[in-house]
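*Asks:* Now for the letters of each chain:
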Amino acid sequence: MPGASYNAIDASPIPVAAGIGLRFPHHDQVLGHKPPVAWFEVHAENYLGGGGVLRVLERVRCDYPLSLHGVGLSLGSAEGLDLAHLARIAELVRRIEPGLTSEHLSWSVVGGEYLADLLPLPMTEEALDVVCRNVEQTQEALQRRILVENPSTYLQFQHSSIPEWEFIAALAQRTGCGILCDVNNIHVSACNHGWDPHRYLDALSAEAVGEIHLGGHALRTLEDGSVVCIDNHGARVAAEVWTLYELALRRFGAKPTLIEWDTDIPAFELLLDEAATATALMRRAAGARHACAA
Amino acid sequence: MPALLELQQSMRAQLLGYATPRDAARAQRLAIYRDTRSGTLVNALRLSFPAVQRLVGAEFFEGGARAFIRTWPPRSACLDDYGADFAGFLRTFAPAAGVPYLGDVAQLEWAVNRALHAEDAAGLDLARLAALDQSTLSRLSFRAHPALSLLCLPFPADAIWRAVLEQDQAAMAAIELGCGPVHLLIERDAAGVQVHRLNAARWQFSARLCAGTPLYELVSADDLAMPQRGPDADTAAWLAEHLSLGRLIDFTLTAPPAGATR
Chain A
3 MPGASYNAID ASPIPVAAGI GLRFPHHDQV LGHKPPVAWF EVHAENYLGG GGVLRVLERV
63 RCDYPLSLHG VGLSLGSAEG LDLAHLARIA ELVRRIEPGL TSEHLSWSVV GGEYLADLLP
123 LPMTEEALDV VCRNVEQTQE ALQRRILVEN PSTYLQFQHS SIPEWEFIAA LAQRTGCGIL
183 CDVNNIHVSA CNHGWDPHRY LDALSAEAVG EIHLGGHALR TLEDGSVVCI DNHGARVAAE
243 VWTLYELALR RFGAKPTLIE WDTDIPAFEL LLDEAATATA LMRRAAGARH ACAA
Chain B
212 MPALLELQQS MRAQLLGYAT PRDAARAQRL AIYRDTRSGT LVNALRLSFP AVQRLVGAEF
272 FEGGARAFIR TWPPRSACLD DYGADFAGFL RTFAPAAGVP YLGDVAQLEW AVNRALHAED
332 AAGLDLARLA ALDQSTLSRL SFRAHPALSL LCLPFPADAI WRAVLEQDQA AMAAIELGCG
392 PVHLLIERDA AGVQVHRLNA ARWQFSARLC AGTPLYELVS ADDLAMPQRG PDADTAAWLA
452 EHLSLGRLID FTLTAPPAGA TR
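So the sequence lines, in the order shown, correspond to chains A and B.
According to our numbering, the first sequence holds residues 3 to 296 in order.
According to our numbering, the second sequence holds residues 212 to 473 in order.
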């Protein structure tokens, strides 16, 4: 049975265009020069207090559509959500009225302790029940539909019984949440676990996908000689990821697409450049679709 | 097959180094998450305690931060709130004993951090006070703005903090560490975070006022007996300043003092 339905769109929806993840080093540039960016996304946890930081966000929200991306709600916590944290997110959502609100398919909290990373879940029926419960509680508290992002993972659990793509598709179906399809994460996890990224994309319904993320990754060689693909958001989007993005566009149609860059944050112009590439690919995909329809 | 809660508890123990994964390959993959966790937390402390880091250097800071994280892991996913116990930790951190003022600077930086990030709150509407019956005024107990802190520190942490962040060697050299305690008020105004030095009497009054001490404990018994004279001039001026600058955001009327005749 699908979960309660909430309005996915509010007064200032996120356009089907390329947006940029806004980080502190670019605040002044964005406020001062109002660069031509279709929309911005910020990490909700960076704006839970008041004062000057929140004023900046309010000003950005006046000039641009804004998406709130949570990194600390811990939707996969077996012990349930941190209600105080959820209340603070809800207050920020009420204040900012973001066009989209999203979180991750992962966990970060156990025993009331925040582990400061997006940790992998075993893909089991129990975990699916837990995540569904937590997503429903979040949507109830925020009074809106959220998007849940597929994670990048470096290890799997032997007792996982559901492929991740089926897990996240089932989550969307059961709770009515949308999917934030992180194409770089699909590439990273597919490399690390030998998955077929095409099969992953095929499992997601175009209707459920509300946003796409693109970011950079790096390769790291472990002591045992094995190579792990790390989702570090610290580089340009890789060629293979652009290719996978084009496939995703063919599969889902054009979707709001975000460029994420969190470590060694570059000059803003480089992010504009990445966003321009995403825009060009979106246009090309739309042209191809129209050509097919004609 | 472990239940999810059990698995999460066991993964936490492995991440924090209290348990070892069953094989080396898994340990190396788990280490990726461990590195991200400590990197994120150390960085959160760096952002909140820049002067402490300048005083001891990046490498020493990282060692201290890691030891702190082991003892005081975060309880909230909002990392702006992480580090309230860092100053207390540094005061007992043996390797930092050679920098006796480090804990004071950390405590000031935490207050600055609170002033930056505390939630917004409107100053008390003075019309609410004007509407009160005169006879109840001595029972007023105020609530201070969440961005406001009052610190009494043994070392001149404000001077050290400024000199370190401005990299002002001359100011640093001029600081007399033994000049006695400093009485500080830290707040946020429209221009940003302000750190003021108060005299001891004004600080004492302000600290007790902001902690919710009822006015009848802050003004003399003579003044209470003859309310038409009002509190003494200094106290009245200090209270008026706090009110006009929005440092007080709410009040309650406490019970009358024990033995009060009115």
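Errors might be hidden in some of the hints.
What the hints assert, rightly or not - Dumping the calculated SDA-like pairs for lysine to any residue here, alpha-carbon to alpha-carbon at most 25 Å:
#, chain 1, residue 1, chain 2, residue 2
1, A, Lys257, A, Asp204
2, A, Lys36, B, Ser346
3, A, Lys36, B, Ala402
4, A, Lys36, B, Gly403
5, A, Lys257, A, Glu138
6, A, Lys36, A, Thr265
7, A, Lys257, A, Ala287
8, A, Lys257, A, Val230
9, A, Lys257, A, Glu168
It is worth saying that the hints were derived from the structure and are not from the lab.
*Asks:* List, from low to high, the hint numbers that the structure doesn't satisfy.
*Replies:* 2 and 8
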